[in-house]
Every structure is written in C-alpha cells, then in structure tokens.
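Below are the chains, spelled out letter by letter.
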Amino acid sequence: MTDEPRVKVPIRPDGLQLDDHPDWQRLFWRAERIGWAGFALVIGMALAGLTGRGGWLAVAEHRAGAALVEAPRFSRRGETALMEVAFGIGAGRHLLAIGGGFLAHYEVVGIVPPPLRSVAAGDGLALQFDTVGTAPHRVRLYLRAREAGLMRAQVVVNGAGVGLRSLILP
Amino acid sequence: MDSVFRAVAVYLVLLVVTRLSGRRTMAEVTAFDFLLLLIIAETTDQALLGDDFSVTNGLIVIVTLAAVDVGLSYVKSWSPRLALVIDGAPSVLVSDGVVDWATLRRARVDIGDVLESARDKHGLKRLDQIDCAVLEVGGGISIIPKDDR
Numbered sequence: 001m002t003d004e005p006r007v008k009v010p011i012r013p014d015g016l017q018l019d020d021h022p023d024w025q026r027l028f029w030r031a032e033r034i035g036w037a038g039f040a041l042v043i044g045m046a047l048a049g050l051t052g053r054g055g056w057l058a059v060a061e062h063r064a065g066a067a068l069v070e071a072p073r074f075s076r077r078g079e080t081a082l083m084e085v086a087f088g089i090g091a092g093r094h095l096l097a098i099g100g101g102f103l104a105h106y107e108v109v110g111i112v113p114p115p116l117r118s119v120a121a122g123d124g125l126a127l128q129f130d131t132v133g134t135a136p137h138r139v140r141l142y143l144r145a146r147e148a149g150l151m152r153a154q155v156v157v158n159g160a161g162v163g164l165r166s167l168i169l170p
Numbered sequence: 001m002d003s004v005f006r007a008v009a010v011y012l013v014l015l016v017v018t019r020l021s022g023r024r025t026m027a028e029v030t031a032f033d034f035l036l037l038l039i040i041a042e043t044t045d046q047a048l049l050g051d052d053f054s055v056t057n058g059l060i061v062i063v064t065l066a067a068v069d070v071g072l073s074y075v076k077s078w079s080p081r082l083a084l085v086i087d088g089a090p091s092v093l094v095s096d097g098v099v100d101w102a103t104l105r106r107a108r109v110d111i112g113d114v115l116e117s118a119r120d121k122h123g124l125k126r127l128d129q130i131d132c133a134v135l136e137v138g139g140g141i142s143i144i145p146k147d148d149r
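These protein sequences, in sequence, are chains A and B.
Following the UniProt record's numbering from start to finish, the first sequence increments by one per residue and tops out at 170.
Following the UniProt record's numbering from start to finish, the second sequence increments by one per residue and tops out at 149.
Because the hints were derived from the structure by calculation, they are not lab data.
On a predicted model such as this, the values are computed, not experimentally measured, just so you know.
Just to be clear, a hint being listed does not mean it is correct.
Partner residues aside, some chain A positions facing chain B, computed with beta carbon under 7 angstroms [claimed, not checked]:
#1 ASP14
#2 LEU16
#3 GLN17
#4 LEU18
#5 ASP23
#6 TRP29
#7 GLU32
#8 GLY35
#9 GLN154
For each label pair, taking beta carbons as the anchor points, the in silico distance ranges come out as [to be verified]:
#10 B:THR18 <-> A:PRO113: 48 to 58 angstroms
#11 A:LYS8 <-> B:VAL98: 39 to 49 angstroms
#12 B:PRO145 <-> A:TRP24: 24 to 34 angstroms
#13 A:ALA60 <-> B:VAL70: 38 to 48 angstroms
#14 A:ARG93 <-> B:VAL63: 51 to 61 angstroms
We put the beta carbon where it would ideally sit given N, CA and C, even for glycine.
Take the sequences, apply the hints, and build the full model.
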C-alpha cells in the first residue's frame with residue numbers, strides 16, 4: 001500500500017501547482033446564483049406566510065354555514081397557533097365539533113370563552129357554547145402544533161361541515 | 001432520535017448555506033460579519049436543541065455533529081469529486097501579473113482585497129509587483145510576488 005495521493009496536482013502555465021477546475025468553478029458560480037435565488041424564494045415564502053406565523057397566506061378562512069372559521073394553513077411544530085370561529089347567527093347555543101385528525105396534529109391549549117360543555121365525539125371533540133347579544137360571536141382556540149405533516153380534518157359548526165387542511169412544518 | 005435528525009439537518013443546512021454564501025464572506029471577517037456569525041450561532045442553537053435543554057440532548061447533538069463532520073471528511077478523502085463540491089477549488093485571481101477581472105467579479109473579491117493581502121503579507125506597494133494571487137478554498141488570498149520587485 002502506498003501513501004502517495006491518488007490525484008496528481010497539475011502545474012499551470014504560470015507555474016502555479018494547483019487544480020483550479022475552471023469549468024467546474026464556472027458551473028458552481030452559476031449554481032451559486034441559483035442558490036441566491038433560492039434564498040430570495042425562502043424569504044419571499046416566509047413573508048407571504050407559507051412558513052406560518054404571519055403573512056397573508058398563513059391563515060385560511062372557511063365558511064361553514066353562517067359561521068366563519070379561520071384556521072392556520074401553515075404552522076410550525078411546537079409553535080402556537082390560533083383558530084377562530086365566528087358564529088354568524090344570533091344569541092343561543094352553538095355547537096362546534098372538531099375531527100380527530102385535527103387533534104392528532106394540534107393540541108388545544110386554551111379556549112376563550114371556555115365552552116359550556118366539552119365532550120369526546122368519536123376521536124374528536126364536541127364543544128358547546130352559549131352566546132348572548134348580537135352576532136358574530138367569536139370563539140378562539142389556542143393551539144400548539146405537535147406533529148409535523150399534513151393535517152386534514154372536518155370541523156362542524158352548528159351542523160354545517162367544512163374540511164380543514166394545514167401543513168405543519170418540522 | 002429527534003436530536004440526531006435535528007443535528008444532521010442543521011449541519012447540512014449550514015453546509016449548503018455557507019457554501020452558497022461564497023468564500024468572499026469568510027475572506028474578510030469584519031466586525032459586522034462577526035456579529036452576524038454570533039446571530040447565526042444563536043439561531044442554530046435553538047434549532048438544534050429545541051425546547052430540550054437537558055445535558056443528554058446537548059451531548060447527543062454534540063456527538064452527532066462531530067460524527068457527521070468526521071464521516072464527511074472521510075467521504076471527501078475517498079471522493080475528490082465530492083470534496084470539490086463541498087470545499088470548492090482555489091480561484092486564480094492574478095496570473096503572470098495579469099488580473100482576471102471576470103474571476104474577481106464572480107468570486108465577489110475586490111481588487112482592494114488583493115492589494116490589502118499583498119501589503120499585509122509581503123509589504124508590496126503596487127499591483128504590478130504581484131505575480132500571482134489565489135483565492136484559497138479557506139477564503140484567504142495567497143500572494144506570490146514578482147521576483148524583480
């Protein structure tokens with residue numbers, strides 16, 4: 001076995017003994033510029049909200065009958081998120097049912113106002129709220145994303161269902 | 001398990017970002033560059049450890065980073081092509097006293113940087129006293145003065 005290097009370093013016409021791989025360097029400089037475009041793309045995506053936590057694309061609005069559900073479209077694992085339900089109809093009793101897929105990805109850390117009743121509904125959760133005064137009555141669910149991946153779940157507000165989708169980034 | 005994946009992911013991201021940022025950044029570490037490095041280190045710290053500040057987690061992350069680094073150095077020694085991709089190649093900025101302006105521009109090196117290196121390392125006063133200048137893989141500029149200076 002020999003300790004000699006396998007690659008011999010050439011001597012250039014100017015006397016420098018180095019392998020500057022000019023063709024490869026030109027290719028790399030091009031790749032470098034594409035990489036910078038990638039940096040700009042990441043920043044643009046973050047500003048647009050595609051990486052969660054703010055930005056106009058971070059939250060999706062869904063209509064479920066008379067109610068409006070605002071849920072995160074993009075979240076980050078371990079970070080807090082907010083889901084807001086605005087019951088469009090007047091005072092009375094409202095029912096909000098959240099599918100099991102939602103709870104598999106998000107932990108509900110707080111509900112404001114606290115529900116009158118909270119029961120398990122299959123692998124999901126059914127919440128009952130009493131409201132007074134004029135609509136819209138808002139309920140806020142404070143969440144923490146606990147599992148990365150694509151979340152698909154059904155939310156039912158006063159009998160009207162809506163499908164939610166959210167991408168939770170690692 | 002999570003800690004190992006985090007450490008490997010952060011190592012690879014840092015490797016790619018540092019490589020794409022170019023050697024120019026490392027060539028001259030100004031006071032602001034130093035601050036930037038500190039901020040990146042602080043951000044990396046959170047990405048590496050998450051909310052687990054236990055000694056065990058820290059130990060796993062450190063060992064993983066060291067292992068990936070050692071592993072990569074072996075892979076580079078086996079594959080010169082991969083070494084070229086990861087480390088890059090030296091760029092000749094001045095050859096036989098002729099400045100390669102295109103390479104200077106692409107490597108984002110100012111002629112002032114070459115002159116500074118020439119002054120600093122060899123006490124050269126002018127550009128015409130430089131025979132060769134090479135932007136090394138590590139980001140430093142090597143200067144070979146002309147014999148008849």
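For each hint, the structure was consulted:
1. ASP14: 5 angstroms, holds
2. LEU16: 6 angstroms, holds
3. GLN17: Given a least distance of 11 angstroms, the restraint on A:GLN17 is violated.
4. LEU18: Result: holds, 5 angstroms to nearest chain B Cβ.
5. ASP23: 10 angstroms, violated
6. TRP29: 5 angstroms, holds
7. GLU32: This interface hint holds because 6 angstroms falls under the 7 angstroms limit.
8. GLY35: This interface hint holds because 4 angstroms falls under the 7 angstroms limit.
9. GLN154: The hint is violated - A:GLN154 has no Cβ within 7 angstroms of chain B, the shortest such distance being about 30 angstroms.
10. B:THR18 <-> A:PRO113: 48 to 58 angstroms: Distance hint for B:THR18, A:PRO113 holds at roughly 50 angstroms.
11. A:LYS8 <-> B:VAL98: 39 to 49 angstroms: 26 angstroms, violated
12. B:PRO145 <-> A:TRP24: 24 to 34 angstroms: 29 angstroms, holds
13. A:ALA60 <-> B:VAL70: 38 to 48 angstroms: 45 angstroms, holds
14. A:ARG93 <-> B:VAL63: 51 to 61 angstroms: 57 angstroms, holds
The structure shown violates the earlier hints numbered 3, 5, 9 and 11.
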